[in-house]
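All chains, full assembly: derive it from the sequences and hints.
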Amino acid sequence: EVPSRLNPEQRRKLEEFAALCGEENTPMRKSFFDRAKEFFK
Numbered sequence: 095e096v097p098s099r100l101n102p103e104q105r106r107k108l109e110e111f112a113a114l115c116g117e118e119n120t121p122m123r124k125s126f127f128d129r130a131k132e133f134f135k
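Position 26, counted from 1, in the sequence shown is what the numbering used here calls 120; the numbers after and before it change by one each time, with no gaps.
Simulated from the structure, these hints should not be mistaken for laboratory data. C-beta atoms are modelled at their ideal positions from N, C-alpha and C, and glycine is treated no differently. Mixed in with the good hints, there may be bad ones.
[Said to hold, decoys possible] Estimated spans, in silico, between C-beta atoms of each pair:
#1 D128 x S98: 24 to 30 Å
#2 E109 x K135: 36 to 42 Å
#3 K131 x P97: 33 to 39 Å
#4 K124 x L100: 27 to 33 Å
#5 R129 x Q104: 30 to 36 Å
#6 Q104 x K135: 41 to 47 Å
#7 K107 x F133: 36 to 42 Å
Structure below.
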């Protein structure tokens, strides 16, 4: 969960942290169609 009410400093820090983490740290969520394709394999 990401907080929705941040003051400007908190927002800047969160954006800096996200930039350091990069794309590899985003949760892997599969779409309905991805799950359906796996089911029918």
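So the hint says 36 to 42 Å: do the beta-carbon atoms of E109 and K135 match that? holds, 39 Å
At the C-beta level, are K107 and F133 separated by a distance inside 36 to 42 Å? Holds - the Cβ-Cβ distance for K107 and F133, about 41 Å, lies within 36 to 42 Å.
Holds or violated: the 27 to 33 Å window for the beta-carbon distance between K124 and L100? holds, 29 Å
Does the Cβ distance between Q104 and K135 fall inside 41 to 47 Å? holds, 44 Å
Given the hint of 24 to 30 Å, is the C-beta distance from D128 to S98 inside that range or not? Holds - the Cβ-Cβ distance for D128 and S98, about 28 Å, lies within 24 to 30 Å.
Does the hinted range 33 to 39 Å hold for K131 and P97 at CB? For K131 and P97 the Cβ distance comes to about 34 Å; the hint holds.
Distance restraint evaluation - R129, Q104, Cβ atoms, bounds 30 to 36 Å: holds, 35 Å
The structure fails none of the hints (numbered hints given earlier).
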